[in-house]
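Trainee: Each residue of the sequence shown is one higher than the one before, starting from 45 at the first, in this note's numbering.
Just so you know, the hints here were simulated from the structure itself, not pulled from any lab data.
No incorrect hints appear here.
Below, simulated BS3-like cross-link-like pairs (lysine-lysine); rule was C-alpha separation at most 30 angstroms, straight line:
| # | residue 1 | residue 2 |
| --- | --- | --- |
| 1 | Lys46 | Lys143 |
| 2 | Lys65 | Lys86 |
| 3 | Lys86 | Lys62 |
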Amino acid sequence: MKVKDCMCNEVCCMTPDKTIKDCATLMSTNHIGCVPVCDDSKNVVGLVTDRDIILRGIACDKDVNTTPISEIMTCDVCSCSSDADIAEAQHLMCENQIKRIPIIDNNQIVGILTLGDLSANSQVDNTGVGNTLNHICRCNEKNAE
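All chains, please: the whole structure from these sequences, using the hints.
Mentor: Put into structure tokens, the structure is as follows:
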């Protein structure tokens, strides 16, 4: 199965100059946990997660009303193409310990793939999704300690 068969292709994006509050509001309104940060040409320049807002924004005492998301976003974004196999996307998620991966074709965002998308798709092996989550969380390493 290809990523394009499972991904969400309705992606909410923001520009780097938007504030942390703008981003949190967009997440709340759309019930999403991450927002790709794109330039005017829809090229992904970063990614902001709900965790980034808490750990890099609020916990660091940033003013959410004035601080641009460019100050808290992850810049080195792991991504894959829509033609990639689901197994490749899961491998990238495991390797990078991420639950969401932007889907980029021709340098532009075309979708996003989440663990939720994988688990909701009846054609995706649930064992593989469980293994992906296990590797992301590094549950085996924690239990071994």
